[in-house]
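Asker: The chain contents come next:
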Amino acid sequence: MGNCCESAANFFGPQKNTNMRVSLPAVCFVWQIAMIVLFGVFIRYDEESDAHWIEYRRENNITSDIENDFYFRYPSFQDVHVMIFVGFGFLMTFLKRYSYGGVGFNFLIAAFGLQWALLMQGWFHALNPETGKITIGVESLINADFCCAGSLIAFGALLGKVSPVQTLVVALFGVTLFAVEEYIILDLLHCRDAGGSMVIHCFGGYYGLAISWVLYRPNLHLSKRHHGSIYHSDLFAMIGTLYLWMYWPSFNSAITDHGDGQHRTAINTYLALASSVLTTVALSSMHQKRGKLDMVHIQNATLAGGVAMGTAAEFMITPYGALIVGFCMGIISTFGYLYISPFLEKTLKLQDTCGVHNLHAVPGMLGGFIGAIVAAAASESVYGREGLINTFDFEGEFADRTPGTQGGFQAAGTCVSIAFGLVGGAIVGFILRFPIWGDPGDDNCFDDEVYWELPEDEETVPPVLEYNNHMIHKQQEISESNFSVEQS
Amino acid sequence: MGNCCESAANFFGPQKNTNMRVSLPAVCFVWQIAMIVLFGVFIRYDEESDAHWIEYRRENNITSDIENDFYFRYPSFQDVHVMIFVGFGFLMTFLKRYSYGGVGFNFLIAAFGLQWALLMQGWFHALNPETGKITIGVESLINADFCCAGSLIAFGALLGKVSPVQTLVVALFGVTLFAVEEYIILDLLHCRDAGGSMVIHCFGGYYGLAISWVLYRPNLHLSKRHHGSIYHSDLFAMIGTLYLWMYWPSFNSAITDHGDGQHRTAINTYLALASSVLTTVALSSMHQKRGKLDMVHIQNATLAGGVAMGTAAEFMITPYGALIVGFCMGIISTFGYLYISPFLEKTLKLQDTCGVHNLHAVPGMLGGFIGAIVAAAASESVYGREGLINTFDFEGEFADRTPGTQGGFQAAGTCVSIAFGLVGGAIVGFILRFPIWGDPGDDNCFDDEVYWELPEDEETVPPVLEYNNHMIHKQQEISESNFSVEQS
Amino acid sequence: MGNCCESAANFFGPQKNTNMRVSLPAVCFVWQIAMIVLFGVFIRYDEESDAHWIEYRRENNITSDIENDFYFRYPSFQDVHVMIFVGFGFLMTFLKRYSYGGVGFNFLIAAFGLQWALLMQGWFHALNPETGKITIGVESLINADFCCAGSLIAFGALLGKVSPVQTLVVALFGVTLFAVEEYIILDLLHCRDAGGSMVIHCFGGYYGLAISWVLYRPNLHLSKRHHGSIYHSDLFAMIGTLYLWMYWPSFNSAITDHGDGQHRTAINTYLALASSVLTTVALSSMHQKRGKLDMVHIQNATLAGGVAMGTAAEFMITPYGALIVGFCMGIISTFGYLYISPFLEKTLKLQDTCGVHNLHAVPGMLGGFIGAIVAAAASESVYGREGLINTFDFEGEFADRTPGTQGGFQAAGTCVSIAFGLVGGAIVGFILRFPIWGDPGDDNCFDDEVYWELPEDEETVPPVLEYNNHMIHKQQEISESNFSVEQS
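Chains as they are written, first to last, in the numbering used here: chain A, 1 to 488; chain B, 1 to 488; chain C, 1 to 488.
If you're looking for bench data, these hints aren't it; they were derived computationally from the structure.
Hints are not guaranteed to be accurate.
[To be verified] Below are the BS3-like pairs computed for lysine-lysine, each with C-alpha atoms no more than 27 Å apart in a straight line:
(1) A/K346 <-> A/K133
(2) B/K289 <-> A/K289
(3) A/K133 <-> A/K224
(4) A/K16 <-> C/K289
(5) C/K224 <-> C/K349
(6) C/K16 <-> C/K224
(7) A/K16 <-> A/K289
(8) B/K16 <-> B/K289
(9) C/K349 <-> B/K289
None of the values given here were measured: they were computed from a predicted structure.
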């Protein structure tokens, strides 16, 4: 099989150099050593994870260890962690010969990105100006996972077309851009976006799409043989889908306010997700001439309700409001997979392997605007006086903000995230076009063979068929020669 | 392959119409719109998930946000959620060509059913007579998941033999019946059944069996080629098994009393499950002439201990009592798979794809009676005076109940659940016999081809063999013609 | 295929008797009945899971049910539970034809071992001298799971080469030895080892290696055809890897101190794991001539950071200290897979199927020594006066211990665990050499066929190729005879 690939490559020109032996280890080592140094200079435990907690607790009249933020957030953190590594990871195993790359590079990007995220987010949000140190706790870990999610979404658009070193470049810039846009949106504009419709999904989606657009491969059809799923690869991908779907209420509620904030966010997300399953199934079935369902839609569009509730889920959107959001998002996302993606590929030359446009970019953007509308509609009668202040954090310099103004800022925040995604992605895309990154040739995409040592006995069918066809051909030749011998 | 199926169908009469293009989208849309309207009229956040919580907390002297029920129950909720979607879903992927249907329709049923469950259970348990509203919180989400479990169990008996629209009908009636029998058992009879041996497993099992009995297919042997597992489909099913097994302590303890109630339930369930693994392995090995283990038993009967502890786990059954329950259930369930299921299929014409009779119906029923016995044996010396009142909720109009009486009511509750399952299932079965639901023909069962768009390059062996045989035959013909040419 | 194996066996002498029909059920039944009797005599609920809790709570001025240890530890317990059954289980599915054995026997060992662990650990740690009873709660369940982990690690070294009865013997002695060494290390030497670098990983690793060394099979190359992975078996193994990786922070923090203890442990483990991913990738890529990654390293060495932080994670190792540990462990573990394991197999005759030497034995041992160094370096200025006492439990008879002394005892504890592993393993190995256990022949290892009823239609490629080659040969013979007919 290796031979066959190489000969195909030779046919279309010299094969690209995909040797990672120097660049990948170099990047990993340099990066990890830099992290150690920077962590040594900057990162310390916060008061809740430091051994001085026992004294801190007494001084602050905290009655019990259970008041430690760990117990409020750790279960949600673990759910988010599963979404990042198993959810995103297995969702990207759907390609027949790129499952190692899907789950493995996802693992690499996230482990690489979360360290940089702790630093970047720390500098912007948790730097103690006196000591010059960043202090971290369980909420920082959740935020670091969130920050990686943006880059993993971008990776979804590039799946199968980039080298591992390129994925690390995507993560490096992705995390950096994320921290900046998050600072602008959450701190400067004082938006609320606990589940990250804007800062995670909208940004990550457009970031990935912009990169992919710059990296357009006109001859990608040469890799067509690997561009599809097989029965069991789609089943592996369902593991990813289901973990994303089930744990999304934890994703959106992981860093919302203690008490009713986390509680309400989980309920709203749960309902929106249920609703988007039904409209996804409906649209998927309507499209096929015999009403058959398409795994691509079930794997992806069912999640759109969770994406779109990332901003509004902590507001009093009401349970039926959550159902309506899920209803619309299931339709919009499935519609995107059916019509928009092929259209974008044809007209805009946009190759989006996982369809992040339909699952993250658009639902994230709409989620930002839904959040703006729900925020603008907030009132003291619905939230209670204290509830309103609490939910939107109308305190300090923002004490005189009205819900209407807040809505405007939320909408502005969404635009910021789109701008950061598109501009940042375009720049990163150009950086990735330098011919030094070891990306695969157009005829060699979506193939684990390039970056992974594969087991010798392969199980997939195509090589078997090839082998047998080969034997049968040989056999035919024998028969034919046989035939000719006879005739002579 | 499509051609071959069709020709087979033609041989046995006109193929059934399995086109879902109108009915499935119609049901999904109508249902989801109805849900939005009903949620709009009825469903609101409860005081712990409403933005007024901050005021409610102060008024009720709740000292900390950690007292919000969210923190008592959310981790268990997420475990239950995983059991419903990954546990049940992947357990049903064991068939070689129905894995999409197993995990996909399970997903659809649950997302469809949980919305209806919030309404049905709300009307019976959480309707505020003054406002006319149902208020929901994390406990409602757990109950909604539980309610779906009944219908998913029923789906296990029907796996591969029904259309997606039929599964939705099963869920619609299943959730409705569940809410009514639950109201009778928990509210009117005042039974305790936190883990649902009676209301979930016993009801769900008999409900599914009754439907399957009415839908008997005399010619199901025509689908024999798809009725079995392959190596990797059994491994996917083990994902489901293990998640059910591991999280069952959360299932049984999710809605038990705060404090010792949840704690004790988890311990008892953990022990019963461990014990049933050993007796399942023992019996499975004893049955085979070389002592080999059967994956069907490992996948299913190991879970019977958890099913049977659904009622008694919150009582003071003692740790060794839990082990005894698991011991017996592993034996009974494996015995069921070995002898009872084949017997029922032969004599009662009962086709039970997943063997829910042995995993849910019988262990659930026995669990109900075990609960009755343990309740009847309760005493103040074991529970403490307050503990007894607390555990059995002997308060209000039930203040003068004795453990003995309670035991009688528990037993009566089990009978109610069986009756609801059998009668309800029979009625739903007759409804599903109308020739309008698009179910597959007898020769077309257990086949994802019917309701799913499958990847073109299939990986399973039979088509490969077929293809090769085809080539070899062709080749043989050439040789033979060759031979005849010679001879002439 | 069965036939082919049998004929191969005949070729190398009489096939071993692998019939489990008597021994496996006998062991399971006897054991489970013994457990029921012993639990009946010894095991009771502790005060937090007993129905008297409501009175206990009042008497001890516990203000809320949320103070029940259940709410501090249950989420971590469930994560540990997943690691034991899905993590270890699926990690061992990587062999192409031993996935059932990997996940199935792992399930059996753990369910068998955890009951014995509750007793053994109870006798040593939780026996009430007045009542003669052991009381159990959620922390006991976590410890029982931990105790099984030691035996599961040992099973990793033996994977594919032992019978199910032998695995139970390994677990029986493994749990017993574990409880004794744990008592010596934690109680007598007063070491801290919450995440078990010493008591779990170091002990379990050397225990398994010693057994494997005694059971050396000189003709194991006869099973070479099954000794490897296929594409999808490696993907199943990644499920195990990722769950171990994600939940390791819960593993290490599950039984550390409430409050800052659990919080800090989770952060440190999270960081060490992230760091070891990067160095694993770097080394794996450096080794291959085209820089390709090896799934064996990604599946295993990425976890070494978690293993090595089992002791030190609860100390104030600092975030960058955690990164450094992970950095080194990724390198050491990958290096082990590349060079040490082949060397040990060649020189020491050590057959270590899963490479537990590189993932558990060495990182566990080093983790013990790292813990010793970090403990010795502890100071009041870093921990605070109370924090130091609290973290190292310098109370009662250990009130006058200094950090320096503690470091010495920690190092001694590591040596104890190695000694127990090696000596205990050697003894168990000799016991397992008696020819009564039904282990497979040298030509029959790594094959599920021996102990599992497999589906008839196998999906793997080799039989297909065999079948086709057979047909093609037949065909060739026809052609050849054809040819000869002609010529005559």
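Asker: Tell me the numbers of any earlier hints that the structure contravenes, in ascending order.
Answerer: Hint check: 1, 2, 3, 7, 8, 9 fail, others pass.
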